[in-house]
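Peer 1: Could you put the whole structure together from the sequences, leaning on the hints where they help?
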Amino acid sequence: MIASIKDGRDWWKIEPKYSTRVLIGNWLEERKRFIKPTGKLGHSIYSTDFVCFPDHKPEQTVRRTMRKKYEGLPAQHFFTHHEEPRSRNLVSEYDDKYNRHGYDPLLPPLRTWNGRKLAWIPQKSDFPILEPPTNYGLLEHLMKKRHKKEAGMMTSVYTISYEKPPVSAFATTHVLPLHRDTF
137 MIASIKDGRD WWKIEPKYST RVLIGNWLEE RKRFIKPTGK LGHSIYSTDF VCFPDHKPEQ
197 TVRRTMRKKY EGLPAQHFFT HHEEPRSRNL VSEYDDKYNR HGYDPLLPPL RTWNGRKLAW
257 IPQKSDFPIL EPPTNYGLLE HLMKKRHKKE AGMMTSVYTI SYEKPPVSAF ATTHVLPLHR
317 DTF
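Positions in the sequence shown are counted from 1; adding 136 to them yields the working numbering.
In short, the hints are calculated from the structure, not lab data.
Be careful, since some hints might not be right.
DSBU-like mimics (lysine-lysine), calculated; alpha carbons at most 35 Å apart, straight line [stated by the list, open to error]:
| hint | residue 1 | residue 2 |
| --- | --- | --- |
| 1 | LYS193 | LYS205 |
| 2 | LYS204 | LYS193 |
| 3 | LYS253 | LYS205 |
| 4 | LYS204 | LYS253 |
| 5 | LYS204 | LYS153 |
| 6 | LYS300 | LYS281 |
| 7 | LYS280 | LYS300 |
| 8 | LYS300 | LYS284 |
Peer 2: Following this line, the structure appears as structure tokens:
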């Protein structure tokens, strides 16, 4: 049986519905046809060659976001806030609220709704409190502990942090007398 031919084309062949830029079929082989050889072959850990694309650059927005991601924060934003000294890093909000640091007997300023920022202005003050940090006495306790001198004892963070437990914490052995009647 002979297949019918319409308009000089075979009826079983399907016309392509996609443009040549759509990744269908074996697109890698089609891409390899248009790559100019650079003269060098690449090396990988499996000793196989790969094709170098010297003119390939990632998308601009991706490049920009990746650059920002790898740069990270500048050093001044890690420990400083409004250029305050580093000694105030240990002030907690608990100190500010319950220990009455920065206590102001006056009422806070009236807030108004800002339609541009969609927030109440002014919000809670972003500036740190002016009193020195209490840190619940932890800093002074640690400094005393670290600078305490003992004769004949080498001090390190390990030996200072782990103090010797009292004798009552250790297990004691009890020796029972042997009864000769049991044997």
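Peer 1: Run every hint past the structure and note whether it holds.
Peer 2: How the hints compare with the structure:
Distance restraint check for LYS193 and LYS205: the Cα-Cα separation of roughly 18 Å lies within the 35 Å cut-off, and the hinted pair is therefore satisfied. Straight-line distance between C-alpha atoms of LYS204 and LYS193 comes to about 17 Å, which keeps the hinted pair within the 35 Å bound. Pair hint LYS253 plus LYS205 holds up; C-alpha atoms about 26 Å apart against a cutoff of 35 Å. Pair hint LYS204 plus LYS253 holds up; C-alpha atoms about 25 Å apart against a cutoff of 35 Å.
The straight-line distance between the Cα atoms of LYS204 and LYS153 is roughly 41 Å, outside the 35 Å bound, and the hint therefore fails. Distance hint between LYS300 and LYS281 is fulfilled; the C-alpha atoms sit about 14 Å from each other, no more than 35 Å. Distance check on the hinted pair: LYS280 and LYS300 sit about 18 Å apart at the alpha-carbon level, within 35 Å; holds. A distance of roughly 15 Å separates the Cα atoms of LYS300 and LYS284; the hinted pair therefore holds under the 35 Å criterion.
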